[in-house]
Every structure is written in structure tokens, then in C-alpha cells.
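*Asks:* If you want the building blocks of each chain, they are given just below.
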Amino acid sequence: IEVRTKFPVARIKRIMQADEDVGKVAQVTPVVVSKALELFMISLVGKAAEEAKARSSKRVLSSHLKQAVQKDEQFDFLSEIVSKVADAP
Amino acid sequence: MSDREFGNNDDLSLPKATVGKIITEILSHDNGITFARETRDLLIECCVEFITLISSEANEIAEKEAKKTIACEHVTAALDQLGYPDYIPEIMKVAHEHKTQQVTREKKQSKIEKSGLTEEELIRQQEELFRSATNKFNAAP
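Order-wise, the sequence lines are chains A and B.
Sequential numbering of the first sequence, starting at 1, is according to my numbering.
Sequential numbering of the second sequence, starting at 1, is according to my numbering.
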């Protein structure tokens with residue numbers, strides 16, 4: 001999967017530095033984090049889409065994203081964010 | 001959607017349009033599957049959380065090495081620690097490309113500085129070049 005659209009690097013740097021503990025960041029660092037984010041998105045979007053398909057839905061709903069998060073250890077850090085989402089019927 | 005500082009200090013999120021485009025690109029081969037708007041917004045929250053997770057870990061790693069600046073190697077170490085080692089090869093490619101571009105950027109900047117010309121003089125020379133190119137273009141049969 002090739003993604004052409006890029007995340008705004010300055011915004012990524014801002015989000016990183018919102019953490020008070022984070023000080024200086026090398027110029028290449030937000031660029032590299034942007035790439036990691038792209039890979040993360042490919043993974044999560046793909047898995048959420050799989051959940052939708054498994055439920056014969058062409059629209060990916062929050063409940064599908066929640067399912068994807070709960071099924072994979074890699075996404076454990078997201079469990080609080082998805083906890084507010086209602087489960088699929 | 002400007003990234004400038006005025007007023008928007010709380011905008012620690014990602015632009016919806018950009019994320020939307022990326023989602024579409026990722027799903028482009030998947031006939032007809034789309035993300036609901038609420039799902040896109042939820043995904044954005046997940047993305048911000050991911051950035052925070054990586055930053056925090058990379059920061060700790062940098063601190064342990066008594067480094068004050070978070071560098072690429074701290075990010076890759078963080079990805080490894082957090083269970084994303086498969087991302088590392090792509091990251092290294094991007095870091096390398098950036099370094100190459102950086103050398104070109106620095107060369108260009110250095111050439112401009114070394115020329116010893118003021119900005120006005122540089123602009124004048126550029127306009128001269130454009131004029132001469134236009135003339136050549138128009139003169140050709």
C-alpha cells in the first residue's frame with residue numbers, strides 16, 4: 001500500500017512537545033514519527049475495515065474500530081480511548 | 001489549516017481532511033469500503049495517542065543516554081520496545097532520504113550565502129535570467 005498524502009510535520013512536532021518532559025527534537029525526528037504514524041494507520045485502518053467486512057458492512061463504524069483495537073495486543077494503549085464506544089450489536 | 005502559532009495552541013490534533021485522504025488511499029483497493037465520519041475522528045484520537053506514546057518512550061530512552069535532543073535512533077529504539085520492530089526498516093529509509101535532502105538543502109543555502117550578493121541583487125539576476133530565457137524561447141523558429 002502506497003500512501004502519497006503526508007502528515008503535517010510541524011503539527012507532529014507540536015504534539016510531541018505538548019508533553020512537558022519532551023525537550024528538543026532533531027529535525028529528522030518528526031519526519032520519522034510521521035512515517036511510523038503512516039504505518040500505524042495502514043495497520044489500524046486495515047484491521048477496522050476487516051471487522052466491518054466481517055459484519056457485512058461497507059461503512060466502517062466506531063464499533064468496528066473498537067473491535068480491531070481489542071483484538072490486537074499492539075493496540076492495548078488505545079483501550080481507554082475506545083472504551084467510550086458502544087459495542088457492536 | 002495553517003500551522004502557524006497564533007491562537008491555536010490547543011490544536012493538538014491532526015487535520016481531518018488530511019487524515020480522510022490517507023484513509024481513502026489506504027482503502028483504495030477495497031471496493032466501496034469507507035470510514036464513517038465518527039470513525040475518522042476516533043482514528044485521529046488514536047493517532048495522537050500513538051505519537052504521544054512513541055514520543056514519551058523515545059524521550060525516556062534519550063534521557064537514559066543523557067541526550068537532550070530526541071534523535072531518530074531514540075525513535076527506532078522506542079518502536080522496538082513498544083512492539084513495532086517491523087516499522088524500523090521503513091523508518092531508516094525515510095531517515096536516510098531526509099539526510100540526503102538535507103545535504104542538498106545545505107549546499108544550496110551555502111551557495112546563496114557565499115555568493116556575497118544581497119537579496120535584491122539575487123532577485124535582479126534571477127529576473128535577468130528569466131528575461132533572457134523568454135527572449136531565446138520567443139526568438140526560436
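Source of the hints: derived by calculation from the structure; they are not laboratory data.
From the three backbone atoms N, C-alpha and C, an ideal C-beta is built for every residue, glycine too.
Be a bit skeptical, because a hint or two may be false.
Stated by the list, open to error - Facing chain B, a subset of chain A residues (Cβ under 10 angstroms, in silico): (1) Arg4; (2) Asp21; (3) Lys24; (4) Val32; (5) Val33; (6) Lys35; (7) Ala49; (8) Lys53; (9) Ser57; (10) Arg59; (11) Leu61; (12) Gln70; (13) Lys71; (14) Phe77; (15) Leu78.
As the list claims (entries may be wrong) - Output of the computed footprint for chain B on chain A, the stretches with three or more beta carbons under 8 angstroms from beta carbons of chain B: (16) 7-20; (17) 39-45.
*Asks:* Have a go at the Arg59/A hint: is there a Cβ in chain B nearer than 10 angstroms to its own Cβ?
*Replies:* 5 angstroms, holds
*Asks:* Under 8 angstroms between beta-carbons, do enough residues of the segment 7-20 of chain A, three at least, approach chain B for the coverage claim to hold?
*Replies:* Holds: 10 residues of the segment 7-20 of chain A have a Cβ under 8 angstroms from chain B.
*Asks:* Given Asp21/A was flagged as interface, is its beta-carbon under 10 angstroms from a beta-carbon of chain B?
*Replies:* Holds, about 6 angstroms.
*Asks:* At a threshold of 10 angstroms, is the proposed contact between Leu78/A and chain B supported by beta-carbon distances?
*Replies:* Leu78/A check passes; min Cβ-Cβ to chain B is 5 angstroms, inside 10 angstroms.
*Asks:* Holds or violated: the hint that Ala49/A contacts chain B, with Cβ atoms closer than 10 angstroms.
*Replies:* Given a least distance of 5 angstroms, the restraint on Ala49/A holds.
*Asks:* Could you check if Ser57/A really has its C-beta closer than 10 angstroms to a C-beta on chain B?
*Replies:* 9 angstroms, holds
*Asks:* Close enough to count: is the Cβ of Lys35/A nearer than 10 angstroms to one in chain B?
*Replies:* 5 angstroms, holds
*Asks:* Are Arg4/A and chain B close enough, Cβ to Cβ, to be under 10 angstroms, as the hint says?
*Replies:* Nearest chain B Cβ about 7 angstroms off; hint holds.
*Asks:* Mind taking a look at whether chain B covers the segment 39-45 of chain A? Criterion is 3 or more residues with CB to CB distance under 8 angstroms.
*Replies:* holds (count 6)
*Asks:* Restraint: Lys53/A near chain B, CB-CB cut 10 angstroms. Satisfied or not?
*Replies:* Cβ of Lys53/A sits 7 angstroms from chain B, so the hint holds.
*Asks:* Lys71/A was flagged as interface toward chain B. Is the shortest Cβ-Cβ separation under 10 angstroms?
*Replies:* Since the shortest Cβ distance to chain B is 14 angstroms, the answer is violated.
*Asks:* Next item in the hint list is Val32/A. Is there a CB on chain B closer than 10 angstroms to its CB?
*Replies:* 5 angstroms, holds
Of the numbered hints listed earlier, those contradicted by the structure are 12 and 13.
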